[in-house]
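K.L.:
So the chains spell out like this:
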Amino acid sequence: MTVVRTSLRNFVAHKGRMVLSAIAVMLSVAFVSGTLVFTDTMNTTFDKLFASTSSDVTVTAERNEDAQQTGKPASIPADTAQRLEKLDGVASAQSDVYDERITLVDDRNENLSPTTGAPTIAGDWGPEEKKSMKLISGKAPRGPTEVVVDADTADKHGLAAGDAVKVISFTGTTEARISGIAKFTATNPGAALVFFDRPTAQKKLLGSTDQVTAVMLTAAEGTSDAQLKKAVAAELGGGYQVRTAKEAADSAADEVGEFLDFMRYALLGFAGISVLVGIFLIVNTFSMLVAQRTRELGLMRAIGAGRGQVNRSVLIEALLLGVVGSVLGIAAGVGIAVGLMQLMGTVGMNLDTSDLTIKASTPLVGLLLGIVVTVLAAYLPARRAGKVSPMAALRDAGTPADGRTGTVRTVFGLLLTAAGAAGLWLATRAETAGDGSGLLALGIVFSLIGFVVIGPLLAGLVVRAISAVVLRFFGPVGRMAERNALRNPRRTGATAAALMIGLALVAALSVVGSSMVASANDQLDKTVGADFIIASDVGQPLTPAVAKAVHAAPHLAHVTDYKNVNAELTAPDGKKEKTRLAAADPTYAQDLRTETDAGELSAAYGRDAMSVPAAYAKKHGIEVGDRVAVAFTGGKTARLTVAAITTDGTSLDQGAMYLAIATVERYLPADEMPANVLMFAQAEEGKAEQAYAALKERMKDYPQYQIRDQADYKQTLQDQIGQLLNMVYGLLALAIIVAVLGVVNTLALSVVERTREIGLLRAIGLSRRQLRRMIRLESVVIALFGAGLGLGLGMAWGAASQQLLALEGLGVLDIPWPTIITVFLGSALVGLVAALVPAFRAGRMNVLGAIATE
Amino acid sequence: MAASARKVVKAYGAGETRVMALDEVDVDIERGRFTAIMGPSGSGKSTLMHCLAGLDTVTSGEIRLGDTEITGLKDKKLTQLRRDRVGFIFQAFNLLPTLNALENITLPMDIAGRKPDQPWLDRVVDTVGLRDRLRHRPTELSGGQQQRVAVARALAARPEIIFGDEPTGNLDSRAGAEVLGFLRRSVDELGQTIVMVTHDPVAAAYADRVLYLADGRIVDDMRDPTAERVLERMLSLSGDGTAAHTAPGGLR
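Protein chains in written order, with our numbering: chain W, 1 to 854; chain Y, 1001 to 1252.
Be a bit skeptical, because a hint or two may be false.
Unchecked claim - Selected chain W positions facing chain Y (Cβ under 10 Å, derived; list incomplete):
1. GLN211
2. GLY475
3. ARG479
4. MET480
5. GLU757
6. LEU760
7. ARG762
8. ALA763
9. SER767
10. ARG768
11. ARG769
12. LEU848
Honestly, the hints are just simulated from the structure, not real lab data. Since this is a predicted model, take the numbers as computed values, not measurements. Each residue gets a CB set at the ideal place from its N, CA and C atoms; glycine is no exception.
Make the full structure from the sequences, and use the hints.
P.N.:
Structure representation (structure tokens):
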């Protein structure tokens, strides 16, 4: 018990010194538990939504994942409901009409659909809809020109009854007026909804009043959903999909779940990085506390405490820190989750805080994580505490300098670094991306650990170099700052390593990101011949009306349709593979001049010809002239001649198998022909501007599609990658914040540790300003050291990745120097900020008190 | 006068619990002389030195360093004053562990941005006999050598006055005698003014003058002391003989 009591008292006595460590634990735990709570809440929200919108049994047209994406909504005969109503066990059968690929625009052609990726759904204002929505103003839609829109969309765009809107479906555009506004009774996770009356919905969405999208069945008393499903399936026969409420909800949840899982693991990954960074901070804190308490620990040993007891006393302190940090972190995590929910609200996804889901496992995970990490991090310092000899109590105080880096450590670190470097180098030499990625991962891990281990050694070299450049302008104050930073290389190394990790990732990703942009631009310049690209940013197929409008535009030399066609390939070696072919007009060979390893690309657009990528050709031993059996889904099987083998060294359309649309038409019935996913156009010589203007004019009515010339396209690409990088940087900011806390922590504890020294300096005439400058400079040096290592390491990772990905078309290495230099200089600023409080406190120290300190 | 105090009061606390560390002390420190301040623990000897040196503030009264009145000076001015006009030797922890001996010696001048006077620096270094130790870090020096570096630092900047707070308190008698010898010589040969707080009669015997403090007042002022006389006086002042226990080393 005594051990516990001593630990408790120490913990309380040093709580000021524990604050930053506790914050680090708290932040990491908060991020983890926040992620868990947030994603669990999202799951709850969607589960509720799906549960509220699904009937006991739902009948729809058979949905096959391999089916061709014709763009036309699937439907079933309108009399299905009447047929099923008569079945035993059916209490009621309701038809429903809806389509999810709708664009809603106002009368000025401004897009009203969500831009978050959530769907816009049009349907009929029928009994099924009324189950989960209610009219809050106006009246139900009646006739071909009236619609009801959902309240969230109406609020967001200031729509009211009487306003004109256009509903663009795959089959055409419907102009209508809003007759009323309806509100979801459950949480609307961001979809826009628009409702017609039944006949209008059938006609506009499905093309015929004889069709409906689904029939919703309610089971009679005493009939289970499964029984009903069986009966319905027997009655209807093939061509229908019959699902129970549970199956429907599960499949919907699966789709969303995949995305949510991805989000969860990505966020947890970033949380993991900050946990890693936090470990350095905790190790430093306990090392410094143990060093400062050497005499005290020696006394404990002198009066008979065993090594284990001293060791345990430190670990118990760590345990307390872990508990305090984790508990605070879990609470803060809930706050983060609520904050994220609010944030989702601003992008159109309204989550209800009443759905806030805190699973029992969340606090458990948080506590476990916080405690395990803290105790593990404190283990080495605790062991060192146990090794303090009783003689330490008798020696004069003064913190024992950590001394030189051990030889073992140096050798070990150098070996790891060398292994890491070798891994990176070999990765750049790899034959295939698959082989190389393993080497790359190993290289990254080893070089990172290697750098952490030789950090103290590097501290000596790098800090001296930085000092030679920066600190010599600051005279003796600079010299003292340098010596202080070098005084305990292990501590400086660990503090800087924390910063290094975050910045290495930033540097690596920015190198890869800007190489991606540069490579794509390079490819665009070299291979893209098309002047204009027409596509939907949210992946909607191009409707026939749009295709027609583009084809009819003036000043165009040619227009290329581009479709994805699902098929199963049988290579000459007999291996089957389901794939998606790129069917295009022959002019596509001019629009995208993909290089070939063998054959002529234009030949691939000939009758019953195709191209395969080099990887596929290699895998199956295919040469030009070989034949591949292509079974078009929903059509016949063709035997196509391989006319070209395309290179893998391209980032655009990589791995695509090309063939002519004309070839597809021979084997696929017209109603199975997929819709265009992309269109390309080439302007007539010297008419680029007019053509662009004409295309834009024609596309005005379809704001869901974007038309871009090459410059726009490059900009879009750059923006997309830039956005992605910004998001990643934002998430890495957490790790960097923890690292900065580490710098603050080290400085604050150093200031405490050097109280006497500071007193002496002040006594012999160092002014407050000089003292503060000394601490600031030390901080800047540590920050620059960490940044230098991190950026260097990160650039090496990034360059190695690029070399490896060159196999996949990432041919151009582009190091974003402005970013790198900004980050490096920014880290100096971070150093200054980190030193603010420690420097202020050092300046305020009472000189006499400081000298008299033990 | 190198320094003087007039009606200096240093009080802690208020009302019932008010403690007078210095109770209307008047003292003059003569230029070019070696003055020792003695007294039992809690007599206020260290407080007096700290106040004279501008390290501590006084409750009332006036302290002058040379012609400058330092009571009421702001921290910035006081810092400058300590830097440019005062030297310090503390009992322990006099040196910055990160700087070598020479850097420690020139530190006050470096901080002030002044160039050391090289011939003078050489003379000081030779006087304290550290020529071959200049590149060593404090941890590589013995306790006596460390204190000699501290003495050299105090001397090197040619301050108007050097204050020593038990400068030999942590040394064995031989090293202590060495350091005290240097202090004595710097007064005799270099004309330095030194004020030293000590409770060791042997150390006090190196001084030209010994001031005795008890309960915050100056109770005696002895010229040309010897160790025997100092010890005698201490015994008589303490009255109950406890001084005999508090004076380590005693007579040898």
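K.L.:
Hint by hint, say whether it matches the structure.
P.N.:
Going down the list of hints, with the structure as the test:
{"no.": "1", "hint": "GLN211", "in the structure": "violated, 85 Å"}
{"no.": "2", "hint": "GLY475", "in the structure": "holds, 7 Å"}
{"no.": "3", "hint": "ARG479", "in the structure": "holds, 8 Å"}
{"no.": "4", "hint": "MET480", "in the structure": "holds, 7 Å"}
{"no.": "5", "hint": "GLU757", "in the structure": "holds, 6 Å"}
{"no.": "6", "hint": "LEU760", "in the structure": "holds, 6 Å"}
{"no.": "7", "hint": "ARG762", "in the structure": "holds, 7 Å"}
{"no.": "8", "hint": "ALA763", "in the structure": "holds, 5 Å"}
{"no.": "9", "hint": "SER767", "in the structure": "holds, 5 Å"}
{"no.": "10", "hint": "ARG768", "in the structure": "holds, 7 Å"}
{"no.": "11", "hint": "ARG769", "in the structure": "holds, 8 Å"}
{"no.": "12", "hint": "LEU848", "in the structure": "holds, 5 Å"}
Consistency note: the structure conflicts with earlier hint 1 alone.
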